[in-house]
Structures are given as C-alpha cells and as structure tokens.
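Listed here are the chains, written in short residue letters.
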Amino acid sequence: MPAVQETVDRVREIDVEQYKYGFVTNIESDKAPKGLNEDIIRFISAKKGELEWMLETRLDAYRRWLTMEEPDWARVSYPKIDFNDLYYYSAPKKSGYGLKGLDEVDPELLATYEKLGIPLREQEILAGVEPKNRVAVDAVFDSVSVITTFKEGLAKAGVIFCSISEALREHPDLVKKYLGSVVPISDNFYATLNSAVFSDGSFVYVPEGVRCPMELSTYFRINEQNTGQFERTLIVAEKGAYVSYLEGCTAPQRDESQLHAAVVELVAMEDAEIKYSTVQNWYPGDADGRGGIYNFVTKRGDCRGVRSKISWTQVETGSAITWKYPSCILRGDDSRGEFYSVAISNCHQQIDSGTKMIHLGKNTSSRIISKGISAGKSQNTYRGLVSAHRKASNARNFTQCDNLLIGQDCGAHTVPYIESKNASAVFEHEATTSKISDDQMFYCLQRGLSEEEAVALVVNGFVRDIIQQLPMEFAVESQKLISISLEGSVG
Amino acid sequence: MALLEIKNLHTRIAEDGTEILRGVDLTVNAGEVHAIMGPNGSGKSTLSYVLAGKENYEVTEGEVLFNGENILEMGPDERAMAGMFLAFQYPIEIPGVATITFLKAALNSQRKARGLDELPTPDFMKLVREKAKQMNITSDMLKRPLNVGFSGGEKKRSEILQMALLEPTLCVLDETDSGLDIDALKVVSNGVNALRSPERAMIVITHYQRLLDHIVPDIVHVLSAGKIVKTGGPDLALELEKNGYADYIGEAA
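Protein sequences appear in the order of chains U and Z.
When we follow numbering that gives the first Met the number 0, the leftmost residue of the first sequence carries the number 0, and every step to the right adds one.
When we follow numbering that gives the first Met the number 0, the leftmost residue of the second sequence carries the number 0, and every step to the right adds one.
These are computed hints drawn from the structure, not numbers from a lab.
Glycine included, each C-beta is placed from N, C-alpha and C at the ideal position.
Check each hint, because a few of them may be wrong.
Calculated cross-link-like contacts (lysine to aspartate or glutamate; reagent style DMTMM-like; alpha-carbon spacing at most 20 Å) [to be verified]:
hint, chain 1, residue 1, chain 2, residue 2
1, U, LYS434, Z, GLU77
2, U, LYS434, Z, GLU54
3, Z, LYS53, U, GLU450
4, Z, LYS142, U, GLU450
Footprint (simulated), chain U over chain Z, 3 or more residues, beta carbon under 8 Å [said to hold, decoys possible]:
hint, region
5, 46-54
6, 96-104
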C-alpha cells in the first residue's frame, strides 16, 4: 500500500513529459561503421573472439534474413526502417571483454548505472540489503555487457550467470547445445536479424537439482544514437532446477526512434521452473509521438521436460512501438505455461503484444492474464494464440483479457486465436473492457484524492493480480512506474 | 459566521437541462444537526451532490458559502480538503483496491493538504482498528476491495468509518438508512452520534422518521420540488411520519 502514496509523490516530483531515464551518457565508444553486410557480422564476431561455428551461424542467419520480409500483420504503423542506416555494434571503450573488475570500468558508465538505481558494486549492495533480497545483475550498455555481479557466489551453487559473449568463450559447448533450439534462426524477420548481429545479453545455466540462491537480473540500456540493440538471452534450467530472472530496460530521450530487437530463449527440463519477469520502460517518445524505441522482441520458452513450468510476467510501460509475444511450448507432459501481462500505453504509443501457448504434451495447462490500459491517443492490442496439438490430450487453458480505457481517443483491441486438434482440450476465454467511471473518480475526489491520485489508485487496483506475480522490490517499482506513465492522462 | 450558507440555489442537470433545485436557502451552524426530508424526486440527493461538487449538475443561480468561502468554483477534492464529507447513498465499488489502502490514501492526502505529515503505518493501523471496531468492521473486511461485494450494511458502515477517520467539519449523509436492518441502523447511528461535536455540523437526508429516532436532529426541513417549504424542530419529523408529504407537495407546486 505505501506504494500508492509513494507513487503519487513521485508523480508530483516529475514534470509532465519528463522521462526520468532520458539522460545521455557522454562516453567514448567503439563502433562498427553504419550499415549491415557480411563484413560487419565478421567484425562483431571477431570483436567478441567467437569460434568459427558461431560466425557461420551468424552468416547463415544473415543470408536467410536477406530473403525475408518485414512482418506487417501487427496493428502498429511506423515509417519503414532503413536497416542500413543503423549502427549494429557500439561498445563503451573501457568495458567488457578483458576487464578484471569494476575498477577498470569507465567511471561515467558506473555513474550512469548509479543514476538508474542499478547496483553494480557488490560490497555496497551487501552492506545495505538483507542477503535474501540480493539480486545479481548483468548490465548491458548498448551492445556489450559491462559487468556481472555476484558471479562467484553463484558459481559456488553451480549456477552460471554471465554475458552471452563470455559464455560463448567459456562454455561454448553448452551454448551451442541450446542456442537457437527454441527460437530457430529463421523463426521470423527480427529474430533472424538478431541471430545474425546479436551483440550481447545474458546466459544463465542452472544445473540439475539446484535452486538458484538469488534473483538474477539483467539491465539493458541503449545510449548511442542510431544504434540498434540486439540482445540475446539464453536461460537453461536442468532437471529439478529453479530460477527467477528479471530484466529492466531504459534509453535516453531522443528525437529519432531506436530499434531494439531481442531474442530470449528459455529451456526448462524435467520438473524445472523458470520465472521470467520484465519491467520494460524504454523511452516511449514525446507527447507528439516523436522518437521512442521500437521494441520488436521474440521471447519463447520451451517446457521440454515433464512437469516443467515457465512463467512470463511483464509490465510494459515504455517503447513507442511494442511487438512482443512471450510464448511457451508445452512439450513435456504435465508441463505448465503462464503469461501475466500489464501493458500500458499513453500518448502515441502502439502496443501489439500477447502470447502463444502451444500445447504439445498430455495434461499440459496454461494460464493467460492480460491487463491492457490505454490512455491518450494510444492503441493497445492483445494478440494471443492457444493451440492444442493432436496428441495434447486434456490440455487446459484459461485466458482472461481485461482492458481499461482512459479518455476518448485511445483504442483497445483483443485478438485471440484458438486452434484445437484434440477433442479433450478445454480452452476458456474471458474478455472485458471498462472505463474508469465518472462515479469512481467523483467518489475518490470526494475523499480528498486528486485526479492523478485517483487514477493511480484505480489502475493499480486493476492490475493488482499481475503485480503480485513480480518479486517484491519490483512490484513496488512497477506500481510507481504505472502511475508515472499514466501521468497527464486525465483532465 | 455560519459554517454553511446556501443562498437561493438553483441547479439543473447539465445533460438535459432539467431543473432540480429552485431556490434553496439553508443556513447551518457548527454543532447543529439538520435533517432534510421530502418525497422522492424533491431534490434531496441533488442537493448533496451539488454541495460535494459532482460535475453532472449546473448551478444557474445562487451561492454556497462554506466557512464564508464560495465553494462553487472549487473541485470536489478541494471541498473535501476544506472539510466537507458526503456519505454516499450508493457507495462506489473500486475493484482491486483494498479498503485499508483506500483509507490510507485518502487520510494521507487530506493530512498533507492540512500541512501534516503522513501518518506512519503503525499509527495508522492502530487508528483504523480502533475506529473500525466501533463500526463492527473486521480486519478481514478492511482487506477486501472497497465496496466490492459488500452488503448494504457493510457499505454504509464503511462510509461512516471513512467519516470518522477523515474528521470533516460538515457531514452530509445521503439516505444513510436505506438498505439497513434495525441492528445495522443502530451501529451506523451510534457511529454518527459519536461524531457529533460543537465544531462539526451534519446534514442528514432521509425519507423516514426512523433514522431520526437514533440521530436526533436540532432542525428539520422539508424539501419539496426543489425548495425548502417548511422548517421546524424534531416534532416536524413526527408529524410527517403521521401525515405524509401530501400537504407539502401542493405547496411547492
């Protein structure tokens, strides 16, 4: 509860239209020339000291990508992207590969993460926070991972948590075994592009029977102008393992749009569980719709083993355009997939997001709870697929899509696709659309709440079920974020 | 100075222009409890909404002074901060927001407006528990979303709890007795009576004498066709109970 009040304080502190994370870090960077061709890909691969097979995979992806068309079925519109007008690699000069410790990281960079409230100094984190709340962080700045904290502590438990570049050097066989096994390189236009040019991201490996002793988190930051961020994350939970992972993202305020095309792959083996949470706060563009991040992301989890479980929780408040469908392939018998989403759009933001639950195994179950909140002139679409394969006996799905509209000029759309090839599958779908009623506003105001406090309160009530799925610290943060992103949506 | 002065108040429904109040005059001093009675459609609820600042009504003539200040230009939240409280006839549901969360947000918002610090959570909890107990409200009920699935009695008790917490100077109770059985009526009335004080005034809007058996008013008004047509002491309510409103309906028209 105190979050509501804090929320309100935060909203008051911030001027309308001021995106808190909109600052730019002045830092020398190492960039590949603009544009995309095989030489650029060779450059990226060489920069990262990759093995030959990885380079070949990248080139294969690139050649396939050249033959593919950008998808246009989503309910979003934006000017055509000139993929040759982007930088595909940008790294802060003093960071990443070859650094011994934090002391060697550019102080400007450390200051940036400090400003963002991301703790990178382990001793400071340890000093102030209860051990149970410790979070290990992998910080990705433009194209490279800057630092990963608590690596040693995790290693003792047998958990590998590092940047994907490092994993490709240190654990190549492990990466090779799983990379692209959930999202194949030719999966879709953006995923294929990512497979060709991905620069960094996180790798997590939790061995058999290990319960990861702390929350893992990756923090993505796009700083450079005209730079695409193509991160690649791979999480593997072996038999009986458990891991909870959270990603957060911000970017400076710029007039031009920036591209973010990530691929995330999750693999859960027998009895394993992966909980993946996202608090997405990319720069959404200004009140007139200038600038903002294009967030074109492919996220997929494979419940490969029996009784495995994958749960996606997302709080989406940023980005000019979001195209994102975190999905679950329920391959193992008795496996379970969950998708909990809060997607908030304000001003000119466009969101086309949802999930896919592909039931392949017997007795598989899935649950989808999506809460869309639209304000301003934004468009907010839920698009979801639930399918049952011929062999997926007794597959179960429950889907609930609720939309809340604020104001007259926004739109909310729900596009559910259901395919069942097995007669014993039971799929349920519920959808509602509501507005914050004048009566609710009047009631809150009569008790002394301001209009913004009232909206924050009603919206936080609307999304409560989802926020409860997030780790505690992030739940509080999300409540604040929700209020901030709805600022100026009333009156 | 009177706490509340309503002078020649005329209002209509903004949407269709229907005239509801046609020249209401009313003066309420601190410490007084006024009852406003009248037949259906006489404008009782409208009067309460106009006082609280609901947007759907348009004031065409007259003024409303609260502590000497014209409040008609103020928003509902500013009026609340100034000490006005409306106990709703039909309290509004707010799904997903625990009652306790709402209480705390409202109280702290008002405290801040009065230049006070937010109440620390332990102090707040102690205060709420104490006041809730008087209203027969369990901690389980405080955790439920505000007014969602509340029975009629629970809704009204929750309204009075909010009133007790926010300590307004003017309490407007709009048909607080509707939907209450006799036991709930007693609890609610006791809660209201506990708030009577020399600094605070109340306007109790009701159809029936039975509420006034428990909350005994100082002054009783009859509102008919948008005007106060008769003012008297508590006896007036008894007379209305016996004879009905028939005498007054003709008078206003």
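Against the structure, the hints:
no.	hint	verdict
1	U:LYS434 - Z:GLU77	24 Å, violated
2	U:LYS434 - Z:GLU54	17 Å, holds
3	Z:LYS53 - U:GLU450	13 Å, holds
4	Z:LYS142 - U:GLU450	24 Å, violated
5	46-54	holds (count 4)
6	96-104	holds (count 7)
Checked against the numbered hints listed earlier, the structure breaks hints 1, 4; every other hint is satisfied.
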